[in-house]
Amino acid sequence: MVLEDTERDLIDRCQDRSDPDAFRALFDLYKDKIYSIALRYSGDPAVAQDITQETFLKLFAGIGRFRRESNFDSWLYRLVVNACFDQKRKTRRFMPLVDSFLDFLRAPGRSALDEVLRAEMSGHIRSVVETLPPEQRMVIVLRYTEGLSYEEIAAILGCPAGTIASRLNRVHKILERRLVRLAGANGGKKTRG
Amino acid sequence: MEERKHVADWIETELHRQFRPVTAPDALWERIHQNRPRPVAPAPSVWRMPVLATLVVLISAGLFVELRNSRASVRDMAQVTDQELRLFADPSTGQTFPSDDPAKIRNWIKAKGNIDVELPSSRSAAVRLLGARLVSVRGALIAAVAYTVGEDSATLLVSRRTACCNATAGSRHLFSKVNTSGGKSLFSWDMKEQTYTIAYAGANDPQGGCLLCHADAPGRL
Numbered sequence: 035m036v037l038e039d040t041e042r043d044l045i046d047r048c049q050d051r052s053d054p055d056a057f058r059a060l061f062d063l064y065k066d067k068i069y070s071i072a073l074r075y076s077g078d079p080a081v082a083q084d085i086t087q088e089t090f091l092k093l094f095a096g097i098g099r100f101r102r103e104s105n106f107d108s109w110l111y112r113l114v115v116n117a118c119f120d121q122k123r124k125t126r127r128f129m130p131l132v133d134s135f136l137d138f139l140r141a142p143g144r145s146a147l148d149e150v151l152r153a154e155m156s157g158h159i160r161s162v163v164e165t166l167p168p169e170q171r172m173v174i175v176l177r178y179t180e181g182l183s184y185e186e187i188a189a190i191l192g193c194p195a196g197t198i199a200s201r202l203n204r205v206h207k208i209l210e211r212r213l214v215r216l217a218g219a220n221g222g223k224k225t226r227g
Numbered sequence: 544m545e546e547r548k549h550v551a552d553w554i555e556t557e558l559h560r561q562f563r564p565v566t567a568p569d570a571l572w573e574r575i576h577q578n579r580p581r582p583v584a585p586a587p588s589v590w591r592m593p594v595l596a597t598l599v600v601l602i603s604a605g606l607f608v609e610l611r612n613s614r615a616s617v618r619d620m621a622q623v624t625d626q627e628l629r630l631f632a633d634p635s636t637g638q639t640f641p642s643d644d645p646a647k648i649r650n651w652i653k654a655k656g657n658i659d660v661e662l663p664s665s666r667s668a669a670v671r672l673l674g675a676r677l678v679s680v681r682g683a684l685i686a687a688v689a690y691t692v693g694e695d696s697a698t699l700l701v702s703r704r705t706a707c708c709n710a711t712a713g714s715r716h717l718f719s720k721v722n723t724s725g726g727k728s729l730f731s732w733d734m735k736e737q738t739y740t741i742a743y744a745g746a747n748d749p750q751g752g753c754l755l756c757h758a759d760a761p762g763r764l
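Chains as they are written, first to last, in the numbering used here: chain V, 35 to 227; chain A, 544 to 764.
Heads up, a few of these hints could be off.
Chain V is faced by these chain A residues, among others (derived, beta-carbon under 7 Å) [what the hints assert, rightly or not]:
no.	residue
1	I554
2	E557
3	P564
4	V565
Here chain A is said to cover these stretches of chain V; the calculated rule only asks that three of the stretch's residues, wherever they fall, bring their Cβ under 8 Å from a Cβ of chain A [claimed, not checked]:
no.	segment
5	66-72
6	84-96
7	155-167
8	204-212
Across the chosen pairs, the derived CB separations fall in these ranges [to be verified]:
no.	chain 1	residue 1	chain 2	residue 2	range
9	A	R574	V	R101	26 to 34 Å
10	A	T566	V	E41	17 to 25 Å
11	A	M592	V	P79	44 to 52 Å
12	A	M592	V	R112	37 to 45 Å
13	A	H549	V	D107	32 to 40 Å
14	A	V608	V	S52	36 to 44 Å
15	A	L677	V	R99	51 to 59 Å
16	V	E41	A	R591	34 to 42 Å
17	V	E41	A	R574	19 to 27 Å
18	A	T556	V	D62	29 to 37 Å
Hints listed in this document are in silico derivations from the structure and should not be mistaken for laboratory results.
Think of the CB as a built atom: it goes at the ideal place given N, C-alpha and C, for glycine as much as any other residue.
Using the sequences provided together with the hints, build the complete structure.
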């Protein structure tokens, strides 16, 4: 409730007085959310910064038209989703491979071989998601980065919740098919090791 | 089957891990702030200028006419409505200068409003002076002398006339307006560059208000 009141107050100040402090506070409140979606969708920090910048510029320019009875989060999500779809640069990767690999090495209780194998499988996940159409990729991002429900994702993307469920299911099936052999091999090596 | 579930769980865990939220770089605000367009008042386009100029002229002309009309309406009491006159003659309003002395009332009105209200020192025994007050109607100053005739309330309203109007030079007067409605009679006349109105509430004797100055008022009308 406190957060909602703060958000409402900030929006009011941005709309009524174009208060620079309110714009800054609104940015601080939502920057991580916007940047996370942009980064996880594009896989490129530079592109993610471009998307985040474009999203906030549209937000600041259009906040006067935001109707107070609407859901601000949904409005904001639509802005960033559209910015992601609009960005022209093709993503080369989802996460910097070196960072990802270092994350695995830092995890306790795993052998270097396990981590290499896990990294290989993770790489397969990334390569599979990279090939998905933008709408399916966005479903993954909104589901796993933002933890949104099917209904919330459906409202943002403007499609039925059933469509979101089937898209997620399809992605899981694809990933399972491609990874099952590798996962089995990974499990077998672990058993032997 | 178990292996398949193991793979599904692993995929779910990996998706959560690989797509977890991150923290935005600190430099983002500066970048956005620098690129944020400043709100600029839209310049009026060329075709709008004549329209705006016409509107300004029309509004100015309207204001001028309104101002001129409002000035005309306050020249003297003759242009004050009967409804307003009855309102000013309401005895419940009270007096700013309560007195039953005609000389003191005359002096007070002269001093405060520069209006000369000559009240005879001798009058009908039925008349009792209550006092005076000044009211302003859209800029016109009106002196209101309240009195009673028997049980009935009456008010003499006096304002200065403007030089433009044809003043009746003598001390005699002709009634320019006689109006009886709403339980109150109004008699108006001009005399010595002043406009007079008597508002009288006497139902049985409409001219009883004239007793303030004329002991034989009914006979004069």
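Discussion item. If I claimed the Cβ atoms of M592 of chain A and R112 of chain V lie 37 to 45 Å apart, would that claim hold in this structure?
Written reply: holds (40 Å)
Item to complete: With a cut-off of 7 Å on the beta carbons, see whether V565 of chain A makes it to chain V.
Response: holds (5 Å)
Worksheet item: Would you say the segment 155-167 of chain V counts as covered by chain A, given the rule of at least 3 residues with C-beta under 8 Å?
Response: Since 4 is at least three, the answer is holds.
Worksheet item: Do M592 of chain A and P79 of chain V keep their Cβ atoms within the hinted range of 44 to 52 Å?
Response: Given range 44 to 52 Å: holds, Cβ gap about 50 Å.
Discussion item. At least three residues with a C-beta closer than 8 Å to a C-beta of chain A: is that true for the segment 84-96 of chain V?
Written reply: holds (count 6)
Worksheet item: Going by Cβ atoms only, is P564 of chain A closer than 7 Å to chain V?
Response: holds (4 Å)
Worksheet entry | Whether the CB-CB distance between H549 of chain A and D107 of chain V falls inside 32 to 40 Å | holds (35 Å)
Worksheet item: How does the Cβ-Cβ distance of T566 of chain A and E41 of chain V compare with 17 to 25 Å: does it lie in that range?
Response: At 20 Å between Cβs, range holds.
Fill in: Restraint satisfaction for I554 of chain A [CB to CB of chain V, less than 7 Å]
This hint holds: I554 of chain A lies near chain V, its Cβ roughly 5 Å from the closest one there, short of 7 Å.
Worksheet item: Are 3 or more residues of the segment 204-212 of chain V near chain A, judged by a Cβ distance of less than 8 Å?
Response: holds (count 3)
Worksheet item: Does the interface hint hold: is E557 of chain A within less than 7 Å of chain V, judged Cβ to Cβ?
Response: holds (5 Å)
Discussion item. So is the segment 66-72 of chain V in contact with chain A by the C-beta rule, three or more residues under 8 Å, or is the coverage claim wrong?
Written reply: holds (count 5)
The structure shown violates none of the earlier numbered hints.
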